[in-house]
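Protein sequences, first through last, are from chains L and V.
Count the first sequence with this note's numbering and you get residues 1 to 257, in order.
Count the second sequence with this note's numbering and you get residues 1001 to 1317, in order.
Check before you lean on any hint, since a few could be wrong.
Unchecked claim - EDC-like, lysine to aspartate or glutamate: derived pairs with alpha carbons at most 16 Å apart: (1) V:K1223 <-> V:D1199; (2) V:K1212 <-> V:D1056; (3) V:K1133 <-> L:E168; (4) L:K88 <-> V:D1084; (5) V:K1133 <-> L:E21.
If you're looking for bench data, these hints aren't it; they were derived computationally from the structure.
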Amino acid sequence: MNVLRHTWFMTVRQARNLMREPIWIVLLLVQPMVWLVLYGQLFHNVTRLGGFGTGSYITFLAPAIVVMNAFFGATWSGMSMINDLDHKVIERFLATPASRFSLVLSQIVRSALTAAIQAVVILLVSLALGVRIHAGVLGWLVIILAGVLVNSSFAGISQAIALLTRREATMIAVANFIGLPLLFLSTTMIARPQMPGWMQTAALFNPVDWGVRAAREVALSGTSWSVVTSHLLLLFALSALTAAWATRTFRAYQRSL
Amino acid sequence: MEAIVVHELRKRYGSVQALDGISFTVAEGEVFGLLGPNGAGKSTTVRVLVTLTHADEGSAAVAGHDVRRDQNAVRRAIGYVPQDTGVDQFGTGRENLMLQGRVQGMGGRDLRSRVDELLELVGIADAADRVVKTYSGGMRRRLDVALGLVHRPRVLFLDEPTTGLDPEARVGMWAEVSRLAHAESLTILLTTHYLEEADQLADRLAIVSQGKIVVEGTPRGLKAGLRGDAVQVELTDGKIDEAKQVLAAAGASTDTLLGERTLVARVPDGGSALPGILAALDAAGIGVATVAVSRPSLDDVYLHFTGRDFTSEDRGG
């Protein structure tokens, strides 16, 4: 399978480049830590409003922060594609038998891998802050998977936008445009019953919220595994869909050469 | 056998006719140069041949494979050294080469030893494990060439191999290309907008202008075809027409003009004709600012066949 082999080669290339400047993985973690530690402290009394399923706001927040961080990371994933396009790295591979699909897929895999590493770090910090994941090790895996799938869903979109616009400025604008609205139209920071009705409805269609619901379901007691699997499946389908879209835009890019 | 066969390629980009019916063939083992100013259609031709883009009309085959129908066979048979490097700057030279080999289907000991061999061959072995960002322009270009050679291609495409290099690195690169062509028994198609580069490297060359091939031949043949030396006369005043008549009477053909005050005349032997020409101009009362005699160069070939001065054309394009 050339696609899989080439995706592996291309992902190794990107992962290695990332490891050369590990500072980025750390810097990208500053923001979720701020949310987790400061926001968690600031609003620790908010659970008194009810509907949170736990008395500990930070336990409520931690799994959602993993998903939020994976989402934010994904909105930037197209930057690396733009860099490769600008430096003609992609063009050089196009004059070889390299699998075309692998050139796109490896970008999404690299993005999702980063999200997985960051998920582990956030969960470890949460553990130190006293957060206990109710479903245990399996719960950790579900939370990481939720982050990975939310990331790959949006990384596909980010890649498509990168290939359509090929401009960093546009990428930044799009990332800022969709970032906070999708965060606030989800149950990341607040329990569903405390949201206005229209926002509750909007959240149902928000893929970020699908990830948050799956992750939180295993973090708190009374886990419903059907809620977990249904939301993970939705995200899986969405990832496939956006990856397909990114591939289509890649073909359009090729035609434009 | 022909390594490259190009037949009537046409391609438009919007309102620009980038290729306007280009045809040529390159024999196996030959170094063939496409010479012309920027925007003449050289790079577009190469991009069609390496399967990066399609022509609107016409056909082309590389190493016996049709570039449209049999893309992956072409991609396996060729090495492509693009105009803009295309190296992953955050990877090391060795990593770049290994990855290039892997996507070409190589692996294991064969690939590792090939990479070592190439690093040695292009002279960047010492920098092999440094990140490419730290390379000089000349080193990057050498790595580019090595990348094009990893899988032992039969045909190598060099798109403007020395653009952006300083003169010393350029001469070094020429020596490199000649050596590689021989050592790897390659067919090379190179594009350049340096006349001397085509003169130095190409066994045969075609001059491309505005999407068409203007003339094709060996550098020596093309220069010989001009039959004679160039005498360039710059006049102090604008008496071009009078000067033309005087020169014609002295037996020199003046088919080309450079600017408002400079004539280029062709004579069989510049050295012996010069005194006569100067005397005739003097007798006619035409003032001469400078005179230069030169053996035919590709510059002259270009000027002769396109009616345009190469340097100014290149600057404009």
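Hints and how they fare:
As the CA atoms of K1223 (chain V) and D1199 (chain V) are separated by approximately 10 Å, the hinted pair is consistent with the 16 Å bound. This hinted pair checks out: K1212 (chain V) and D1056 (chain V) have alpha carbons roughly 15 Å apart, not beyond 16 Å. With a CA separation close to 21 Å, the supplied pair K1133 (chain V) and E168 (chain L) exceeds the 16 Å bound. Proposed proximity of K88 (chain L) and D1084 (chain V) is supported: the alpha carbons are some 7 Å apart, at most 16 Å.
The hinted pair formed by K1133 (chain V) and E21 (chain L) meets the criterion: a straight-line CA distance of about 13 Å does not exceed 16 Å.
Taken one by one, the earlier hints fail for this structure only at number 3.
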